[in-house]
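**Q** The task is simple: from the sequences and hints, build the whole structure.
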Amino acid sequence: MAVAVKTQNLPLIKKIRNIPKEEYYVPGHRTCAGCGPALQYKLVAKAAGPNTVFLGPTGCMYVANASYLCTPYAVPWMHTQITNGGAVASGVEAAYQVLIRKGKREGELPNVICMAGDGGSVDIGLQAMSAMMYRGHDALFICYDNEAYANTGIQTSPTTPYGSNTTFTPPGPVIPEGKKLFPKDPPQLVIGGHPAVKYVATASVAFPVDLMNKVRKALNVQGPAFLHIHAPCPKGWKFNESKTIEIAKLAIQTGMWNLYEWENGEYKYQHKPKEYKPVREYLKLQGRFAHLSEAHIAKQQAFVDAKLKAPGIPVAIPISPPRAEA
Amino acid sequence: MAKEMELSGCAASAQAARMAKVEVICSYPIRPYTALMMELAKMVANGELDAEFVYGEGEHAQLSVVAGASAAGARVLTGSSGVGVTYAFETYSPIAGGRLPVQMMIADRALDPPGDFGSEHTDAMSCRDQGWLMGWAENPQEAFDNSLINYRIGEDHRVLLPQYVCQDGYFVSHIPGKVVLPEQSQVDEFLPPYTLPHPLDPKHPVSHGPQIRPDQGTVMDLQRAQAMLDAPAVIQEAIGDFNRIFGRNYSPFVEEYMTDDAEMAFFIMGAHTMTARHAVKHLRSQGVKIGLVKLRFLRPWPTQEVAEALSKFRAVGVVETSTSYGGAMRGGNLLHEVRASLYDVPQRPLTTSFMAGLGGEMVPLKEFYYMAEVLAKMIKDGKASKTVYWVGFEAEA
Ligand SMILES: Cc1ncc(C[n+]2csc(CCOP(=O)(O)OP(=O)(O)O)c2C)c(N)n1
Ligand code: SF4
Ligand SMILES: [Mg+2]
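Protein chains in written order, with my numbering: chain A, 1 to 326; chain B, 1 to 397.
No wet-lab data here; the hints were simulated from the structure. A few of these clues could be false.
The list that follows gives simulated cross-link-like pairs (lysine-lysine, PhoX-like), each with its CA atoms no further than 20 angstroms apart [unchecked claim]:
#1 A:180 / A:198
#2 B:203 / A:104
#3 A:14 / A:46
#4 B:21 / A:102
#5 A:104 / B:377
#6 A:217 / A:15
#7 B:203 / A:46
#8 B:366 / B:377
#9 A:309 / A:277
#10 A:42 / A:21
#11 A:217 / A:184
#12 B:203 / A:102
#13 B:203 / A:6
#14 A:268 / A:238
In this text, all values refer to a predicted model and were calculated from it rather than measured experimentally.
**A** Right, here's the structure in full:
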């Protein structure tokens with residue numbers, strides 16, 4: 001695939017007060033109060049700016065957003081099936097390559113961004129996402145991770161954490177922990193086998209400047225990029241809608257979520273805690289984990305400990321053992 | 001100068017794509033349509049065609065890639081066969097409802113089970129009600145012509161619908177036939193550059209495919225239905241221009257062969273029409289008053305033209321190359337629509353259907369002679385005793 005020359009260099013933002021005022025994801029949507037995915041959408045759209053085309057696979061960021069005659073997108077946007085966001089984004093990018101080459105469109109290649117949920121990224125949408133990464137399209141695939149099939153009523157997805165109470169994993173006497181499986185790791189899926197990929201990063205609504213700069217870096221590279229954005233969902237995770245940011249921060253403080261960038265084969269970490277809090281601190285604020293026993297919590301802690309020690313994620317700071325009193 | 005070549009249906013379709021200057025192509029391998037993509041890949045590699053050639057990861061992706069590209073403003077082509085056609089099913093309605101004039105070349109192949117490379121129309125027929133224009137080619141020349149004609153109609157802003165441009169696997173897709181390649185200037189005169197009223201362009205932000213309320217749904221369905229109703233006038237215009245510019249003699253919807261004074265006729269579409277013509281010619285030499293009517297567009301279905309063409313006969317045999325298990329006619333799909341078209345005609349012919357060429361079997365002359373015998377018996381008896389004959393599996397006519 002020929003790559004159109006992209007000269008764009010979106011500048012990185014130093015402080016939160018330097019964030020552009022212009023909004024490209026505007027009011028008019030019907031997401032829940034405290035919706036993490038809606039917040040990250042706003043930040044992504046701000047960071048990307050006006051020369052952008054969004055592709056929106058079915059999910060909350062379609063259904064709760066794109067009501068006919070009042071969609072919140074101030075840049076071109078197109079619905080895709082939940083299955084094919086990566087493929088439709090590939091087609092848009094391919095069209096722009098040839099149209100610009102033939103002089104039928106002027107200016108820079110737009111930022112082509114697929115805004116997919118976890119289901120639309122690494123479950124039913126995995127094939128299309130992987131193929132977009134493999135083929136080297138100059139496009140950005142974002143997995144906004146609310147850790148469930150939210151729009152259909154909170155069913156387990158491959159990124160739903162172990163021990164979650166979802167409508168497909170209700171805890172009961174036979175299956176006391178609810179969800180028994182451990183989640184897929186989206187960025188590692190991308191990094192692991194897609195040589196064309198230029199930039200992969202994780203982000204969180206808890207750190208908006210970091211999030212926006214990662215969007216800009218991803219859009220500045222020529223070629224495919226992937227962002228995995230932690231986006232707490234008050235409805236699905238069962239917490240008070242005023243606590244979205246607090247929960248997002250705790251995920252990082254407990255090691256349930258890690259902020260890093262992967263570029264040219266190297267990892268860089270951001271906002272890494274000096275000392276990790278026990279996962280219990282994070283779990284206890286959320287109704288989806290309310291049924292878990294000590295044994296289940298220990299199992300989740302062991303999973304996080306192992307992940308933090310996994311290759312590619314060097315941990316200099318010792319992980320504190322779970323505290324009994326918490 | 002226009003030049004004459006020997007080309008298979010796939011090669012002819014590739015030439016049409018080159019002359020239509022398609023801009024985004026998405027491939028995935030499945031026989032027999034694959035030969036189209038192999039030709040196009042060579043053209044792109046040689047520099048004969050300036051297009052993005054995207055390796056789809058499956059048929060669902062093929063349709064998705066070209067949908068995105070079409071929405072962004074590029075002329076697109078994809079294609080498939082058999083289970084590939086059905087694998088992409090989810091995408092057909094969003095493309096038609098999104099009014100994206102995507103073109104898909106289908107070289108028919110029997111669906112599984114069991115694995116069968118043979119041609120059968122069931123793959124494409126299963127997808128016929130989504131709002132795509134649709135029709136079959138009888139030979140490579142028609143495959144070439146239909147590709148250009150369908151771009152012209154589908155991309156017309158009065159229509160804006162995608163197109164399944166079908167040809168029978170192997171019989172058309174792989175058997176070379178004479179194809180007259182026109183001058184590029186003729187193609188350019190016939191086919192204006194592709195424009196979409198509201199492409200995805202950051203200079204003019206639009207939202208494609210928002211979520212609607214149930215009460216808004218009917219309106220959109222009506223608009224899609226209206227586009228199909230508006231298509232025939234545009235088809236007529238396009239065929240008129242095509243005949244003038246390329247020196248061809250197509251009827252837009254149904255084509256008749258030896259129907260003058262005929263008492264009975266075959267109703268047929270696609271590759272087996274060629275054999276049916278020979279059968280008709282031979283039967284005529286024996287004094288049998290038979291003709292044939294070939295369908296050129298299945299969608300939009302030309303109700304009026306079918307009724308007019310068929311009402312002059314006493315008996316009509318519909319040649320089915322697809323299955324409709326458990327359907328009202330107990331056989332294929334075409335007889336349903338043929339009978340529906342004739343319902344309001346005061347003097348209806350007797351009609352029946354013949355299951356022939358399933359699984360990719362040839363339909364030899366003797367099978368058409370058998371069908372003619374059945375039709376003659378119907379006329380003699382003054383009734384159609386059955387709605388379906390499985391040709392080769394019936395005790396007698
Ligand atoms: C082919 C198909 N299967 C199932 C659905 C039903 N569906 C609609 S939204 C949705 C959930 C999407 O989950 P995710 O991608 O994680 O996005 P979220 O809703 O959580 O934001 C599903 C399964 C669908 N639209 N299409
Ligand atoms: S269910 Fe969750 S993701 Fe969906 S709108 Fe509500 S808070 Fe947002
Ligand atoms: Mg989700």
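**Q** Determine for every hint whether it applies to the structure shown.
**A** Each hint, compared with the structure:
no., hint, result
1, A:180 / A:198, "34 angstroms, violated"
2, B:203 / A:104, "14 angstroms, holds"
3, A:14 / A:46, "15 angstroms, holds"
4, B:21 / A:102, "11 angstroms, holds"
5, A:104 / B:377, "62 angstroms, violated"
6, A:217 / A:15, "16 angstroms, holds"
7, B:203 / A:46, "17 angstroms, holds"
8, B:366 / B:377, "17 angstroms, holds"
9, A:309 / A:277, "15 angstroms, holds"
10, A:42 / A:21, "11 angstroms, holds"
11, A:217 / A:184, "25 angstroms, violated"
12, B:203 / A:102, "18 angstroms, holds"
13, B:203 / A:6, "17 angstroms, holds"
14, A:268 / A:238, "32 angstroms, violated"
In this structure, the earlier hints numbered 1, 5, 11 and 14 are contradicted, and the remaining ones agree with it.
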